[in-house]
Amino acid sequence: MIFIAPGAIESGKIPVSGGLVAEGLYGPHHQHFFNMRIDWMLDGINNSLVEVNCEPLPRGPNNPEGNAWIAKETVLKTVGEARRQHDAIKGRFWKVINPQVKNHVNQQVGYKIVPSSPVCYPLCDLDSSQGHRGIFARYHLWGTRYHSEEFFAAGYFPNQSKGDDDGVAIYSEKHKDESLVECDLVTWYTFGTNHIVRSEDWPVMPVEIVGFRLQPFGFFAGCAAIDVPPSVPKC
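Take 1 as the starting number for the sequence shown in the UniProt record's numbering and just add one per residue.
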């Protein structure tokens, strides 16, 4: 649920960090962050985490017209390396692979993480109480190995937390030297929205959609939809 908590403002005044929704009433601009913990088992338990960046190929014999580019893959080998932020300019995304399983063209099977809403970053002072309690939002992706006691990105009791006792940032630092190569992998994906308040948010706020999806990347031998039987015309 995404909502606004309206406050009163003197008639005729314009709020500095909010939007008017009615005469004398405004909603403060704010952010919503969510983190999805995914315990992977992609064709088995031995999974790895890969970052993909799109980069131009230098002009030369292999690129005479200057229009070629590559998708550069980098395996994130340790927990400490697996603290990553989106980069729209590079078309950055992450995928989980199973190096031990190959598809029909001898490539490692995988699934990619695809954002389905605009990417955002904390706008609060990082040294504020919100900045410490929501430290998980400083990175869009965290990668760790599975540990049975590690469940919540903001810790078990975020409202009582100072951000230094529990949560994925603590897990990541504690296990920063652990290998993420062919392991029992857990990813923590952060997504959310900047809620810039508008008049249409009042008195009943319409829907706001945020999230992500998992997309097969070399997992199937072709378009999975082709296996769907054709529909039968009926009057």
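There may be inaccurate statements among the hints.
Claimed, not checked - Okay, derived cross-link-like pairs now, SDA-like style, lysine to any residue, Cα gap no bigger than 20 angstroms in a straight line: (1) Lys176 x Arg83; (2) Lys112 x Glu173; (3) Lys176 x Ala71; (4) Lys77 x Ile45; (5) Lys77 x Glu173; (6) Lys102 x Val181; (7) Lys90 x Lys102; (8) Lys174 x Glu73; (9) Lys112 x Arg92; (10) Lys112 x Lys176; (11) Lys77 x Val228.
Said to hold, decoys possible - Have a look at the derived ranges for each label pair, beta carbon to beta carbon: (12) Lys234 x Asp39: 40 to 46 angstroms; (13) His147 x His32: 24 to 30 angstroms; (14) Pro56 x Pro28: 27 to 33 angstroms; (15) Gln85 x Gly211: 40 to 46 angstroms; (16) Leu25 x Gln85: 44 to 50 angstroms; (17) Asp87 x Lys174: 43 to 49 angstroms.
Note that these hints are calculated values from the structure, not bench results.
In this text, a Cβ means the ideal position worked out from N, Cα and C, and glycines have one as well.
Here is how each hint holds up against the structure:
{"no.": "1", "hint": "Lys176 x Arg83", "verdict": "holds (10 angstroms)"}
{"no.": "2", "hint": "Lys112 x Glu173", "verdict": "violated (25 angstroms)"}
{"no.": "3", "hint": "Lys176 x Ala71", "verdict": "violated (27 angstroms)"}
{"no.": "4", "hint": "Lys77 x Ile45", "verdict": "holds (16 angstroms)"}
{"no.": "5", "hint": "Lys77 x Glu173", "verdict": "holds (15 angstroms)"}
{"no.": "6", "hint": "Lys102 x Val181", "verdict": "holds (16 angstroms)"}
{"no.": "7", "hint": "Lys90 x Lys102", "verdict": "violated (27 angstroms)"}
{"no.": "8", "hint": "Lys174 x Glu73", "verdict": "violated (26 angstroms)"}
{"no.": "9", "hint": "Lys112 x Arg92", "verdict": "holds (11 angstroms)"}
{"no.": "10", "hint": "Lys112 x Lys176", "verdict": "violated (23 angstroms)"}
{"no.": "11", "hint": "Lys77 x Val228", "verdict": "violated (38 angstroms)"}
{"no.": "12", "hint": "Lys234 x Asp39: 40 to 46 angstroms", "verdict": "holds (43 angstroms)"}
{"no.": "13", "hint": "His147 x His32: 24 to 30 angstroms", "verdict": "holds (27 angstroms)"}
{"no.": "14", "hint": "Pro56 x Pro28: 27 to 33 angstroms", "verdict": "violated (42 angstroms)"}
{"no.": "15", "hint": "Gln85 x Gly211: 40 to 46 angstroms", "verdict": "violated (18 angstroms)"}
{"no.": "16", "hint": "Leu25 x Gln85: 44 to 50 angstroms", "verdict": "violated (36 angstroms)"}
{"no.": "17", "hint": "Asp87 x Lys174: 43 to 49 angstroms", "verdict": "violated (27 angstroms)"}
Going down the numbered hints, you'll see the structure goes against 2, 3, 7, 8, 10, 11, 14, 15, 16, 17, while the others check out.
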